[in-house]
Amino acid sequence: MDEKPGLSKENNLGFPNKYLTLHWRNNMIRLLLVRHGETKLNSLKCFQGQSNPDLNAPGVEQANALAQFLADVELHALYCSEQKRALQTADRIISFHNNLSMIVEPRLREINFGLWEGLTLEEIQIKYPTDWAAWQDDLQSAPTGGETFLEVRKRTNELLDVIRSQHPDQTVLIVAHAGVLEVLIYQALEILPRMRGSVHLYTASLSELWLYEHGASLIHLNDLSALEHAGIPIESVYGR
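In our numbering, the protein residues as written are 2 to 241.
Just so you know, these hints were derived from the structure itself, not from any lab. Just so it is clear, the structure is predicted and the values come from calculations on it, not from any experiment. Just so you know, not all the hints are guaranteed correct.
Pairwise CB distance ranges, derived in the manner of DEER restraints [as the list claims (entries may be wrong)]:
no., residue 1, residue 2, range
1, Leu193, Ala135, 15 to 21 Å
2, Ser218, Asp162, 16 to 22 Å
3, Leu219, Asp170, 18 to 24 Å
4, Gln141, Gln167, 29 to 35 Å
Restricting the straight-line Cα-Cα distance to at most 27 Å, the calculated cross-link-like pairs of lysine-lysine (DSS-like) are [what the hints assert, rightly or not]:
no., residue 1, residue 2
5, Lys46, Lys85
6, Lys46, Lys128
7, Lys41, Lys128
For every residue, glycine included, the Cβ atom is placed at its ideal position computed from N, Cα and C.
Turn these sequences into a full structure, and let the hints guide you.
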């Protein structure tokens with residue numbers, strides 16, 4: 002494996018950044034996964050799904066921290082969900098990358114949770130106990146008005162195929178949502194569907210996958226270094 006040229010070990014803020022030093026393999030795609038900054042519904046621990054809130058004030062601060070943290074990372078493509086909280090996060094990141102265009106990708110929208118959207122987990126379990134139990138055990142079950150795990154898996158698989166075909170030997174950043182990014186991780190790593198729920202991505206977290214011709218490796222999961230370096234307490238995003 003060779004170290005990719007042109008990458009320094011410190012960013013423009015002067016602190017060591019592990020995302021700037023990389024051992025590169027031929028035919029490898031480096032996939033950086035960012036979950037959007039916080040919204041009011043995040044702060045209330047509600048299911049957001051395909052509802053479309055803006056970032057709140059802490060979310061804007063988190064997005065700015067991510068943007069500065071990634072400022073010196075060489076990016077070749079940026080894919081983003083069409084929902085506002087992801088777009089507002091990606092806008093801040095791309096402002097540091099003058100030659101980069103944003104690809105708004107509908108397949109990155111969050112899981113559609115139907116009638117569960119705007120409710121906490123406890124409220125869902127009280128109001129829709131049968132639907133909740135079915136959704137845990139049946140890959141073809143969906144919240145009323147929502148979508149199944151299999152439907153989400155289909156669109157994330159399609160997007161992974163696009164990325165593999167269009168971005169060999171490149172670094173691709175994706176800005177999206179916890180649910181859809183978690184499914185994407187499961188698919189890339191070929192994790193069995195019964196293991197869904199084993200990963201939970203924090204708000205404003207950064208994760209990293211390396212995609213190979215056959216298979217993938219998980220390099221970082223739920224990295225909150227961007228928030229730490231900006232002086233934002235990482236405890237503020239736990240469970241959100």
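Now for the hints, and whether the structure bears them out:
1. One distance hint, 15 to 21 Å for the beta-carbon pair Leu193 and Ala135, holds here, with the actual separation near 19 Å.
2. The hinted window of 16 to 22 Å between Ser218 and Asp162 holds, with their beta carbons roughly 19 Å apart.
3. Our hint of 18 to 24 Å for Leu219 and Asp170 holds, since their Cβ atoms are close to 19 Å apart.
4. Taking 29 to 35 Å as the suggested C-beta distance range, the pair Gln141 and Gln167 conforms, at roughly 31 Å.
5. A distance of roughly 18 Å separates the Cα atoms of Lys46 and Lys85; the hinted pair therefore holds under the 27 Å criterion.
6. A distance of roughly 16 Å separates the Cα atoms of Lys46 and Lys128; the hinted pair therefore holds under the 27 Å criterion.
7. A threshold of 27 Å between alpha carbons decides the hint, and for Lys41 with Lys128 the separation of about 22 Å falls inside it, so the pair holds.
Comparing the model with each earlier hint shows no violations; every hint is respected.
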